[in-house]
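A.B. asks: Residue numbers for the sequence shown follow our numbering, beginning at 556 and rising by one.
Incorrect hints may appear among the rest.
To be verified - Label pairs and their calculated CB-CB ranges: (1) 618 / 689: 41 to 47 Å; (2) 603 / 851: 41 to 47 Å; (3) 915 / 596: 45 to 51 Å; (4) 627 / 590: 43 to 49 Å; (5) 630 / 655: 28 to 34 Å; (6) 617 / 713: 28 to 34 Å.
As the list claims (entries may be wrong) - List time: in silico EDC-like cross-link candidates among lysine to aspartate or glutamate, alpha-carbon distance up to 16 Å: (7) 659 / 643; (8) 835 / 886; (9) 883 / 851.
Since the hints were made in silico from the structure, they are not lab data. Cβ atoms here follow ideal geometry from the backbone N, Cα and C, with glycine treated the same way.
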Amino acid sequence: MATTPQILATQFIILSLLSSFALILVHGEDQDFVRALDRKLLGLKKEKFSHFKMYWHDIYSGKNPSAVGVVNPPINSSTLFGSVSMIDDPLTEGPESSSKLLGKAQGFYASASQKEVGLLMAMNFHFNQGKYNGSTITILGRNQVFDKVREMPVIGGSGLFRFARGYVQASTHTFNPTTGDAVVELSAFQFTIFSLLSSFALILVSGENLGFHSTVDRKLLGLQKEKLTHVRLYWHDIVGGSHPSALEVVPAPSNKSQTNFGLVRMFDNALTEGPELSSKLVARAQGFYGFAGQVELSLLMAQNFAFVAGEFNRSTITLLGRNSILNKVRELPVIGGSGAFRFARGYAELRTHTFNLTSSDAIVEDYNYYSYWDYFSIPLHLCFFISILVFILGFTWYINYESMFEDLMTQVKLFLMIVPIILLLVVHCLSGGLSFFLPLPEQDSLHRAGGSPWGVGLVLVFLLIMISYQSSFQEQRRKIDQKKMVKNT
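The whole structure should be built from the sequences, with the hints applied where relevant.
C.D. replies: Here it is, written out as structure tokens:
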């Protein structure tokens, strides 16, 4: 089933690692199969940055290849679009195959681009040395193999790498075009691991330094405060016609299934600004979806949004999740990214815009109803109404003591008090303040929260001005009272 979702991917861009997390439910009471946990009971410590340097040997040739093609490309393609290879590649300390073995890279990579050699990579680094023996690092991302440096997100791990997140950078060390064998080296702050035609840099949670590992200061990476980003796109999944963007690479094992259970499609879909295919191209959605429901139409989706325009050009967002395509609204988790989206987390909401029953082509539209910054809502509304109250009291005071304002400087000070209130009113309304009274449709997450950092900033400016001029106004009032007493006597 092809869908063209307008993927409204609301993103948390994380440029700082917080602490590792135990699973804690956000809402709802404990149930029979789940309960809330105290992270301290799990012995979780403060998260650290670590750097690993390894070489990844992807060997197709010889009697004992470490990579085997399991799915052939369904059509003739210069990029082998749709092909899939399973890997059990050695990870070594040096670029030589005889170098010390640190572990294995186990998983698969698939050619997910129709115009360039771009791979969807899903693999685990399974370590077999020292204290890391038995621990794993999980990676899912996009590898544009002919770029000098590539980047893929680390989405998790096991053992010593529980709750791990970070990224891998890859650069080709050697490549044999005859056999397809490659050794990839990664250099980024001396983080080096490799992958098909490249090595990776990793930033992860770990302990003491070993020959292939060192701890990294997060300040060296220039990581900044996390911010919220909202991306709204249309995802065009074209199955029919002479130029399909989605190709069947694994057929359903049985034609008796009404849900195509087991069928897998590789796609290189356009992500556009509007629902028309002719709309501005913003990114490519590259990956696969598999029909994973026997009773309902449910897809397992793994994809990278590779941006090709604007400030996010050459950055990627990685998604992995379940798409129950007949539901009105579906949600997929954002599990990582590269470039501007390093350490990204968040979610994408999907709504079907149009669907062609004949060709199975579809367009899906999203609506944003997120409210990540709710902690701004109550303080901003409270400060807003306090400001209005103070303004009313100040105006009343002006009426009672109008003679005070014959002084020009006093009038200027009053003006400086009133302007922030007016600006606050404008910003508050623009940032969704009216939602305190009326539910406004199609607001983004910041608007739904009922405020913005700018609004909070204006509140603070207003309060500072009030404090600065409070003593001055009190002195003016005292003088006016003295004049009235003298006049009365």
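A.B. asks: Taking the hints in turn, state whether each one holds.
C.D. replies: Against the structure, the hints come out as follows:
no. : hint                  : result
1   : 618 / 689: 41 to 47 Å : violated, 29 Å
2   : 603 / 851: 41 to 47 Å : holds, 43 Å
3   : 915 / 596: 45 to 51 Å : holds, 49 Å
4   : 627 / 590: 43 to 49 Å : holds, 48 Å
5   : 630 / 655: 28 to 34 Å : violated, 42 Å
6   : 617 / 713: 28 to 34 Å : holds, 31 Å
7   : 659 / 643             : holds, 6 Å
8   : 835 / 886             : violated, 24 Å
9   : 883 / 851             : holds, 14 Å
In summary, the numbered hints that this structure violates are 1, 5 and 8.
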